[in-house]
Each structure stands twice: as C-alpha cells, then as structure tokens.
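Enquirer: This is what each chain is made of:
Protein chains: 2
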Amino acid sequence: MSGPVTIALAKGALLKDSVARFAAAGLDFQAVLDPGNRLLMVPSACGRARALLVRNADVPVYVAYGQAQLGVVGYDVLREHQLPVAELVDLGFGGCRMSVAVKASSPYRRAADLPAHCRIASKFTRCAEEFFEALDLPMELIHLAGSVELGPITGMSEAIVDLVATGRTLRENGLIAIEDLFHSTARLVGHPLALRLDDGALQEIVDRVASASAPLS
Amino acid sequence: MSGPVTIALAKGALLKDSVARFAAAGLDFQAVLDPGNRLLMVPSACGRARALLVRNADVPVYVAYGQAQLGVVGYDVLREHQLPVAELVDLGFGGCRMSVAVKASSPYRRAADLPAHCRIASKFTRCAEEFFEALDLPMELIHLAGSVELGPITGMSEAIVDLVATGRTLRENGLIAIEDLFHSTARLVGHPLALRLDDGALQEIVDRVASASAPLS
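Protein chains in written order, with our numbering: chain L, 1 to 217; chain F, 1 to 217.
For reference, chain L alone in the conformation it holds in the complex (with noise of 0.2 angstroms):
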C-alpha cells in the first residue's frame, strides 16, 4: 500500500490495551496515552503507521468509509451500529456484557417476564429493540445518551439495556442485572476493501495482532 497505514482507535476504556497489542506487532502508539497529548492523528513512533483517536462509537465509520484500514472497537459498538466492516480479530480484553437490569424491588427477574408495551431506556436500542423483538414482546424504546440507570430511578422506564463490566454502577443505584443480551470484548476490524487489495502490509500487522490476542495454551 502507499502510504502510511491508518488505524482508527477508541479513546478511554480501550486506548490502553490497544496500544499494548500493536506493539506486540511492532507499532508504538505509545504517544496517544501521553495525558498532554491533544493530536487526533498520532504518527506511530517508526513513521509506518498512524493512529486516528475517535470516539468508541466512530471507530466502525472511518474503517467502512476506507478513511482507516483498521481500527478497534468494541462488539457492542459493531452491534449497534451495523457498518460494513470486517470483524478480523476478537482482541479479548474489554470484556462486559450487554445487559437487561431492572430495578433491585422490581418483581421481574427474567426479561421475557417483563409487561409488553413497558419503556427500555437504552444508549443502545438497536441492540434493545432486536432482543426484545425476538423474545416477541414489543416495547417502547427510550434512546438516552448517558446515565441510562437513571430511567428506572426516576420512573421513566421499566428496564435498562446497558454494558455492565463489574457491575458497581448499577448497584450504586439499586439495579440488578436480569439477563444478558451478548458479551462484548474488542475487536480487530478492517476496512474490506482495503483487506482484498492489500500487498501484505496489512494482513502482517493483523496477524501479529492476532498472535499476541491469542489465548494462552
């Protein structure tokens, strides 16, 4: 390829452990987690590669619009938004889970038990509204962009579909988790036009990738 590769990745919960697996494959980012750093675009420190620092949630658009061949992202994140990219390698850390909680004195501990009709607050109603629907019980969906345990709290919703990673955000506010919808960990994903007419650059940075994701055996 000409030109630097371009690698799209997540600001906060995931920058450093991204960083840590391409320099297992022979990238330093390492730039990206100087606190005083205010660049968006960070050259890798041996000029091959540049890194793009983006919201979780723009990672999958500037890799499906070919603007970065690869980026990392969480599965939740590819779940809600559905953008042609291909999902190369599941990176392992990041791990939470998509989750229906409730209110701690509600009477409902599995989602199916739910009344049809009630309101789910989400950040993630695609995700929501696919779970439910194949459960056939239809709902009213409540988009929120944070904060979401506050709609049972203030008695706006019912219900939450929201990640839980160790669980102490929902219990600081007297929810409980019910059922999980899917577990989610980082991904490798890759712009696919970008694989096909690759010369090799790229598939030697995702399988090194892919080697220091690997489970110990």
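For the record, the hints were derived by calculation from the structure and aren't laboratory data.
Be careful, since some hints might not be right.
Put simply, identical chains are the same to the list, so a pair is met inside one copy or across any two.
Derived DSS-like pairs: lysine-lysine, alpha-carbon spacing no greater than 30 angstroms straight-line [stated by the list, open to error]:
| no. | residue 1 | residue 2 |
| --- | --- | --- |
| 1 | Lys11 | Lys123 |
| 2 | Lys123 | Lys16 |
| 3 | Lys103 | Lys123 |
Given the coordinates of chain L, work out where chain F should sit on it, guided by the hints.
Expert: Positioned in the frame of chain L, the structure of chain F alone reads:
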C-alpha cells in the same frame, strides 16, 4: 403540585450558568457544582426542588416524558431532537453558532457552492439535512459522535456542520466556518402537561428565571 419540582440540568458547559439562574429564582443547586459530587439527582438546599444531572441531549427526553417538569438545554439540541417540550425562556448564555465549515484550503466559500452529493460529517445530522434540503442540495450525511473536524482532515467529508463557540477548535484544525445555520443559546423548557396543571409553583420559577435572564435595558 405534589412533591418537589424536578429540573433537568445539562452537565458540562451550561451547568454553572444554569445554577446561577436558578439561584436568582430562589433555588440553590450549588451542590451540583462540587467536583466531588457523584449524585445524578441532587436536592436543592431548601428541599423544594431537585436537579437531575444528565447529558445535554437527554434533557428534552426527561422533560418530554414528564420526569422533569423543567429543564435547561441548548437550542441546538432542541433543533436536532425535536421532542415535545415547551420552550419557555431564552436564557442568553451558552451562545454559539451552528456552522458549516470547510478546510481553509477549500475553494468553497458559501454552503450553496458545495457540490451536490458531497459528504457532510456532523453530530447534528438532522439540522444539517434540513439546512441542505432548504438549499435544494442533496448531501451524503455522515453521523459522528465527536471530533467532527477529523472529517475534512482525513478526507472523509468535504465539510462539517458543527457548533462553533470561540472558533479555536476550527482554527487549530485548519478549518474555517463559511456559513451559519442558526445561533444557539441555552433555553428553559417545560413539560407541557405539567405547565397546564401547574398550581402556580412552576410559573413562579419560570417568571423568576425569566426576570433574571432579561437583558438590561
């Protein structure tokens, strides 16, 4: 009304001025400005009201569903999400412009000059769509969650539609605003039914906030 008045406040840039405006109306929400505050629901010092601390985009959701009787939110969010809330007072602060911006090196100096079907990146794709439709210019809109300035920098989009306050972010990224869609300020909004059923308590708050917001004559 029964129980305390609930007021949805946007976390972030609008919060400090929002608290000052309600202080002028006799409601002390100073506690929400404490950096150590982790609560999302904060009672006023007098106990007659409580603040819900939510994302900008979620303020009209809580007000539309009646979980908050009043809320403070940017006009940009009201334009983008178009939920059924009553717009009560222009609070005057949080001023910014929703603008079309291009690379400084771009040949285009008016929105109407942009080529049809070019790509526009934005967090406010509904606002952008309406604007270009009114110009009779069909565009391909790309929704991003943040750092929209990367659109033209990476070559993914010809232009962006984004909020511009000081213009510093545009300048730092080599972009210039070429046209404004509208000017935005913070607005006091209310739940239409709560206003209709109000026994006077809500209207008193609205009137006091309005007085504190009136331009000096």
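Enquirer: All hints are to be evaluated individually against the structure, with a verdict given for each.
Expert: Hint check:
1. Lys11 x Lys123: both (18 angstroms within a copy, 17 angstroms between copies)
2. Lys123 x Lys16: Result: close both inside a copy and across copies, 24 angstroms intra and 26 angstroms inter.
3. Lys103 x Lys123: within (18 angstroms within a copy, 32 angstroms between copies)
Of the numbered hints given earlier, the model fails none.
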